[in-house]
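Student: Chain by chain, the residues run as shown.
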Amino acid sequence: MTVIETESLTKRYPRVTALDRLTVGIQPGVTGLVGANGAGKSTLIKILLGLSPATEGTAAVLGLDVATEGPRIRALVGYMPEHDCLPPDVSATEFVVHMARMAGLPATAARERTADTLRHVGLYEERYRPIGGYSTGMKQRVKLAQALVHDPKLVLLDEPTNGLDPVGRDEMLALIRRVHIDFGISVLVTSHLLGELERTSDQIVVIDGGKLLRASSTTDFTQATASLAVEVTDTDQHPDGTRAALDAFTVAGLTVHADGHLLLVDIADESTYDTVRDAVAALGLGLIRMEQRRHRIAEIFKSNQDKEGGSRDAA
Amino acid sequence: MPPEPTAAVAAATAPADNSRIHDIGYRHYDGTRLDRSYIRRSLFTQSLRGAYGLGRSAKSKVLPMILFAVMCLPAGIIDAVTVYTHMTKLPLEYTRYALYLQAVIGLFLAAQAPQSVSRDLRFKTVSLYFSRPMERIDYVIAKYGAMAAALFILTAAPLVILYAGALLAKLDFATQTAGFGKGLLAAALLSLLFGGIGLVLAALTPRRGFGVAAVIAAFTISYGAVTSVQGVAYQQGDHAAIGWLGLFSPVTLIDGVQTWWLGARSAFVGNYGPPNAVAGTLYLLVVLGLIAGSFALLMRRYRKVGLG
Numbered sequence: 001m002t003v004i005e006t007e008s009l010t011k012r013y014p015r016v017t018a019l020d021r022l023t024v025g026i027q028p029g030v031t032g033l034v035g036a037n038g039a040g041k042s043t044l045i046k047i048l049l050g051l052s053p054a055t056e057g058t059a060a061v062l063g064l065d066v067a068t069e070g071p072r073i074r075a076l077v078g079y080m081p082e083h084d085c086l087p088p089d090v091s092a093t094e095f096v097v098h099m100a101r102m103a104g105l106p107a108t109a110a111r112e113r114t115a116d117t118l119r120h121v122g123l124y125e126e127r128y129r130p131i132g133g134y135s136t137g138m139k140q141r142v143k144l145a146q147a148l149v150h151d152p153k154l155v156l157l158d159e160p161t162n163g164l165d166p167v168g169r170d171e172m173l174a175l176i177r178r179v180h181i182d183f184g185i186s187v188l189v190t191s192h193l194l195g196e197l198e199r200t201s202d203q204i205v206v207i208d209g210g211k212l213l214r215a216s217s218t219t220d221f222t223q224a225t226a227s228l229a230v231e232v233t234d235t236d237q238h239p240d241g242t243r244a245a246l247d248a249f250t251v252a253g254l255t256v257h258a259d260g261h262l263l264l265v266d267i268a269d270e271s272t273y274d275t276v277r278d279a280v281a282a283l284g285l286g287l288i289r290m291e292q293r294r295h296r297i298a299e300i301f302k303s304n305q306d307k308e309g310g311s312r313d314a315a
Numbered sequence: 316m317p318p319e320p321t322a323a324v325a326a327a328t329a330p331a332d333n334s335r336i337h338d339i340g341y342r343h344y345d346g347t348r349l350d351r352s353y354i355r356r357s358l359f360t361q362s363l364r365g366a367y368g369l370g371r372s373a374k375s376k377v378l379p380m381i382l383f384a385v386m387c388l389p390a391g392i393i394d395a396v397t398v399y400t401h402m403t404k405l406p407l408e409y410t411r412y413a414l415y416l417q418a419v420i421g422l423f424l425a426a427q428a429p430q431s432v433s434r435d436l437r438f439k440t441v442s443l444y445f446s447r448p449m450e451r452i453d454y455v456i457a458k459y460g461a462m463a464a465a466l467f468i469l470t471a472a473p474l475v476i477l478y479a480g481a482l483l484a485k486l487d488f489a490t491q492t493a494g495f496g497k498g499l500l501a502a503a504l505l506s507l508l509f510g511g512i513g514l515v516l517a518a519l520t521p522r523r524g525f526g527v528a529a530v531i532a533a534f535t536i537s538y539g540a541v542t543s544v545q546g547v548a549y550q551q552g553d554h555a556a557i558g559w560l561g562l563f564s565p566v567t568l569i570d571g572v573q574t575w576w577l578g579a580r581s582a583f584v585g586n587y588g589p590p591n592a593v594a595g596t597l598y599l600l601v602v603l604g605l606i607a608g609s610f611a612l613l614m615r616r617y618r619k620v621g622l623g
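Going line by line, the protein sequences match chains A and B. Residues 1 to 315 (this note's numbering) are what the first sequence spells out, left to right. Residues 316 to 623 (this note's numbering) are what the second sequence spells out, left to right.
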């Protein structure tokens, strides 16, 4: 089943085309929606919630047409905005209970779900204090809780790690992972930072200038350009083992980059592993490390953009 | 498919002390999900309670409760005087009460209208409302309804006290009931009119202070201007002009309507109400038009807000 499906989705504002014939299918799981600021991420979310009509094309969320079934979609979807959206003078509990009722939950259920949800996002005693005194990380948790409180099938998280320090960022990403793994809720999470989504997402969709740049599973994304990190010992015969191995690999026809004591070998195909093993054995060096390295998505994104830039220049 | 939530196993390691919190895992909600009318009602109730500071901090209860007391106190005094001095009728008409205490109503509106709408705009909570099943019209109906209901409670409560006092003093039942009914009708119209104008002004700005100032200014300046020009007209003996001038401020609009349609005694200078049927009709049309216009303007205001 596809969670989100768009077909030639286009959104034009008087001055700018925010989405340009976007066709993408998103599967259950955690999906990272990556793009620079102004790439069309927020526009896409508005359309998916049925709050902004598309200029052209169609989109469906959980099998419901965004053009006609907005209210039904919003009953099944949770939304966490990028911006601050919390009143400072009420407590997290009061606020989330209210938002649960605004999603159609009866009063008793709203209170129970609020208690559960706040605990799951990691807010305990502080939930009775006014939100105004919370840290950014706690506020982000309240925002996530109000998106989860009505037990949606899908949550749309707009830049949930914005403004968090590295620790808070990791905690939020772990929480997002749990939303899918433990709660069974699909997640669409946007970010302009590629690295963090790489660890969290099952699939990555990259958009740029309202166009789809790439959509595939995270493994596909990184495997395409995987490399092998090799570290070897020095011996009496080869006082600089790294250097010797580098030369041997190059002679064997591999593409190698030296990174200090590490040699990064591009994996052309399965035989690369054998070639590396044989070359090291032939030199009589000890093999300390031989591990697969994924390129970071950022590099792929960058090379994609370079290509894109190149073709633009050519055109 | 996503895995089922895992049940917890903490019990196995838990000692006799059963006060510890167990992680019972995530539970899905498969209970009822109510429709838009429930959501609208919930928002209405929350906003109405909020107008009196209920469900909010102790500090935010102070002003509305004081104003409510101030609004009711004169009615209690009038009752006491009526009962003890054995008056044959109340010293004032039910319809006149709100006009005497219009400053209190104005203050209440100025404080509570921004509280109701500016906060949602300022803290951008509106985007959360609109990401839920409700539509724009649900939000506007709930907020407008709650503000009007809060004002109605404020203006009708003293009338109830007056009526109770009148019955205690054994005044003529039929006359008192008719007067009370007219008073309630006028109070309802006033609540809708004031609530609409107050919310439109408050929703213009996310800054609460500006909202408060705008509401106070709109009501006092228009009332001040109208009464002073009416004073001039009275000096010059132009009694018809007095009746027409009342069209230009909210308070005098209500006065005109209740004078022409409910047979109340006008509070305009010299007690000159709307001069003829055309004026009388126009008063009613302007009031209804302003109410409808306020609603339309609020709808328009929130069209742009969306997810902000």
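Hints were generated in silico from the structure; no laboratory data involved. Careful, some of the hints might be misleading.
Using 30 Å as the maximum straight-line C-alpha spacing, the simulated DSBU-like pairs for lysine-lysine come out as follows [to be verified]: (1) Lys439/B / Lys485/B; (2) Lys404/B / Lys497/B; (3) Lys485/B / Lys497/B; (4) Lys439/B / Lys619/B; (5) Lys619/B / Lys153/A; (6) Lys439/B / Lys497/B; (7) Lys485/B / Lys211/A; (8) Lys139/A / Lys497/B; (9) Lys485/B / Lys376/B; (10) Lys439/B / Lys139/A; (11) Lys211/A / Lys153/A; (12) Lys139/A / Lys153/A; (13) Lys497/B / Lys211/A; (14) Lys619/B / Lys139/A; (15) Lys485/B / Lys139/A; (16) Lys153/A / Lys404/B.
Student: State for each hint whether it applies.
Tutor: Checked hints:
Distance restraint check for Lys439/B and Lys485/B: the Cα-Cα separation of roughly 54 Å exceeds the 30 Å cut-off, and the hinted pair is therefore not satisfied. At roughly 16 Å between alpha-carbon atoms, Lys404/B and Lys497/B fall within 30 Å of each other, so this suggested pair holds. As the CA atoms of Lys485/B and Lys497/B are separated by approximately 20 Å, the hinted pair is consistent with the 30 Å bound. Of the pairs offered as hints, the one joining Lys439/B and Lys619/B holds, with about 13 Å between alpha carbons and a cut-off of 30 Å not exceeded.
Among the hinted pairs, Lys619/B with Lys153/A is consistent with the structure: their alpha-carbon atoms are about 28 Å apart, no more than 30 Å. Distance check on the hinted pair: Lys439/B and Lys497/B sit about 41 Å apart at the alpha-carbon level, beyond 30 Å; violated. With a C-alpha separation of about 80 Å, the suggested pair Lys485/B and Lys211/A falls outside the 30 Å cut-off, and the hint is violated. Distance hint between Lys139/A and Lys497/B is unfulfilled; the C-alpha atoms sit about 50 Å from each other, more than 30 Å.
Taken as a hint, the Lys485/B and Lys376/B pair is broken in the structure, with Cα atoms around 36 Å apart against an allowance of 30 Å. Among the hinted pairs, Lys439/B with Lys139/A is consistent with the structure: their alpha-carbon atoms are about 14 Å apart, no more than 30 Å. Annotation: proposed proximity of Lys211/A to Lys153/A holds, straight-line Cα distance about 26 Å (limit 30 Å). At roughly 23 Å between alpha-carbon atoms, Lys139/A and Lys153/A fall within 30 Å of each other, so this suggested pair holds.
This hinted pair does not check out: Lys497/B and Lys211/A have alpha carbons roughly 64 Å apart, beyond 30 Å. The suggested pairing of Lys619/B with Lys139/A holds, with an alpha-carbon distance near 26 Å, which does not exceed 30 Å. Taking the CA atoms of Lys485/B and Lys139/A, the gap is about 60 Å. The hint is violated against a cut of 30 Å. Between the alpha carbons of Lys153/A and Lys404/B the distance comes to roughly 66 Å, so the proposed pair goes past 30 Å and is violated.
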